Amino acid sequence: MSRESVQAFFEVNAPDIEPVVLTDSTATVAEAAQALGVEEGQIAKTLALKVGDERILVVMAGTGRDGWITARRRIRSATGLACCLRTRYWN
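In numbering that gives the first Met the number 0, the protein residues as written are 0 to 90.
One should not assume that every hint holds.
As the list claims (entries may be wrong) - With beta-carbon atoms standing in for the labels, derived distance ranges:
1. Leu46 to Ser24: 14 to 22 Å
2. Ile16 to Ala47: 13 to 21 Å
3. Val19 to Ala47: 15 to 23 Å
4. Asn12 to Ile55: 25 to 33 Å
5. Ala26 to Leu48: 18 to 26 Å
6. Asp52 to Thr27: 31 to 39 Å
If you're looking for bench data, these hints aren't it; they were derived computationally from the structure.
Quantities reported herein were computed from a predicted structural model and do not represent experimental measurements.
Every residue gets a Cβ at the ideal spot worked out from N, C-alpha and C, and that includes glycine.
Using the sequences and the hints, build the whole thing.
Written as structure tokens, this is what we have:
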């Protein structure tokens, strides 16, 4: 998703919201908080998934690791081959 496509989406769907473009890295919670000038506890992590025809957006506290560790016990990562075999989708 390009910066232009995000801007175009907001112009049509939420013209009162102006996306913030950052030049500093936001790869970690600490970097994101520093770049935005906020506390680490104010940062949220997001994970976007597509499962079948459904799209899921998970938003979680940026500083919370307990929930993620618990979730990882229940979620198994799949290899690309396993995904192709399960979905029967080959690109």
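(request) Hint by hint, work out which the structure violates, then give me just those numbers in ascending order. (result) 4
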